[in-house]
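For the protein sequence lines, the chains are A and B, in the order given.
3 is the number of the first residue of the first sequence in this note's numbering; add one for each residue after it.
94 is the number of the first residue of the second sequence in this note's numbering; add one for each residue after it.
Fair warning: there could be bad hints in the mix.
[Claimed, not checked] Which chain B residues face chain A? A few, computed with CB under 10 Å, are given here:
hint	residue
1	281
2	377
3	380
4	383
5	384
6	386
7	388
[As the list claims (entries may be wrong)] Covered stretches of chain B, as calculated for chain A (at least 3 residues, CB under 8 Å):
hint	stretch
8	246-257
9	293-301
10	334-340
None of these hints come from the bench; they were simulated from the model.
All C-beta atoms, glycine included, are put in the ideal place defined by N, C-alpha and C.
Listed below are the residues making up each chain.
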Amino acid sequence: MRPVRPVRPVGSASAAVAGPVRRAVRFDGAAVRLGGRTIWSNVDLEVGPGEFVAVLGPNGVGKSTLIKAMLGIQPLSEGRVTVLGRPPGGSGKDIGYLPQRRNFDPNLRVRGIDIVRLGIDGDRWGLPFPGGASLFAGSRAARQRVDEVLELVGATSFARRPIGRVSGGEQQRLLIAQALVHNPKMLLLDEPLDSLDLPNQSAIAGLVSGLSDEYGITVLIVAHDVNPILSYLDRVVYVARGGTVSGPPEQVITSETLSALYETPIEVLRTSDGRMVVVGQPEAPAHHADRHTGHPR
Amino acid sequence: MPIATPGTPGDGPGVTMAVGIDLHQMFGLHFMVNAYRAGTIVAVVAGAVGWFMVLRRQSFAGHTLAVVSFPGAAGAVWLGLSATVGYFAGSIAAAVVIALVPRSSSGRAHSQESAVIGTVQAFALACGVLFVSLYGGFLDGVTGPLFGTFLGISDGQVVTLGAAAVVVLAVLAALGRPLFFATVDADVAGGRRVPVRGLSVAFLLLLGCTAAEVSQITGALLVFALLVMPAAAAQQLTARPAVSFLVTIGLAVAVTWLSLGAAFFSVYPVGFYVSTFGFTVYVAAAGWRALSERMQARPPRRSPAPSAPPSGAPSGLTAGA
């Protein structure tokens, strides 16, 4: 069985009453064309507040473009998107964004904590005032917030090392801290588990899911391997060449749907304790599900 | 070649014996006072802008902007204009050209950029040589713009350098934080509506102004000494951005002051000293870092008792713990 999730204050029922404004994300007949090529079209999608959603699909199908459309970085050629009730790009600090895997230059001599701090005020003009933390309450609060978030993601011990010198999993924690530090209502995570080892994949997935539960943050997570996050998901969005398919994992993650979407045979198995495992998915190592058993939830 | 001889030959090797007297004598000369004024202005700007340039990995662009100031200056002199105007015109024009090259965070655009920069640089140098030979074609006309001079810096030139410096530093202060954001983390900055591309263009223009300023002291070919070396050295010494920024400026000023003094008491061009001192500082900083990292890499002395692991243990963290 999937673990029981706490009831959310703004669940699907109240969202239905309040209408589309209460949707965290809403795509209406959206399409993106780049250089004459249709990346995707006819995308209709709704994500409720506080949901934990996976965006899945084969490589090159436009998963990252979907995220960029929500951020307003990638304009739509057709249709409409609203994010947190506003047009894309209008939500600024309410969205925490983690772009597709960045490898920091090993010689970049900037500390992890500085990268996290940019999440608070990096978009503000001017220069930080040296020693501001001892003079200004705002600066002090920002520093406290950074420490708090570092603690939350378990990055305190390596946050003061140059970011190029910490491991991939550690960098990812710092980047999640950066995305979280300004108290976003929504997290858009583009392949946060990519090129992490298995313990780190499940640790990061658990961390993000916990944040979603605890603070009611809407999470959209782009992945090409569904297994590490499968047990946490409220909803799955599959992006494929035709368009998108979305729904609860039990409905969408079936052998038939996946095989059709990926155009390759895929099996969805159930383990003895009822959890699903996707086998045969391209680029996915098969046996991840056992990693979740250790998670107190 | 600019040759600075001490005022009286009778001083001989007295540099170490009577430093106070020598310094007094040096600052009694108006052109040396101006050299120090101009040098200080240039060092501060070079340090501040150079710090960002090194962080942005745009050293090649910076080098080219400096090299282009040479044909600018040579062309201006040939046309009977002030060399200062030429330095700025050349560098800023080149900055505009480089800024027009599409640049994105992907590696492809970078290589495109460096190809364009290389092309601009080669063409500019060729133009410079042409202008010099059109003007008169004697070697002394080239060594100043290429390798630096501190003689004959007029009051007016100091004022021009100062005004340009104030403008550059003011703009840099206004752009500082988002520029840093866009530099280390362009994707996220873009997601937060930081105008990454606009900042990149603005920074190139600042870099052009700075290269033009620095060229007037160190010469077009040795601009790196002030633009790169202090920043590179400071970034070796510390990973704290604010600290390394201030250390950069401090190093740039110190190197400039020392170099001007050394050049005054010797027969070699100031660009040589700036480069040599800058190089020394960089090597020392890199050595210090290598040494301290080796010390850290050694098995730490902490007691082997593995009590409660820190919260940052790589894999032990679970949600909502």
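For each hint given before, does the structure comply? Return the numbers of the non-compliant ones in rising order. Violated hints: 2, 3, 4, 5, 7, 8 and 9; rest satisfied.
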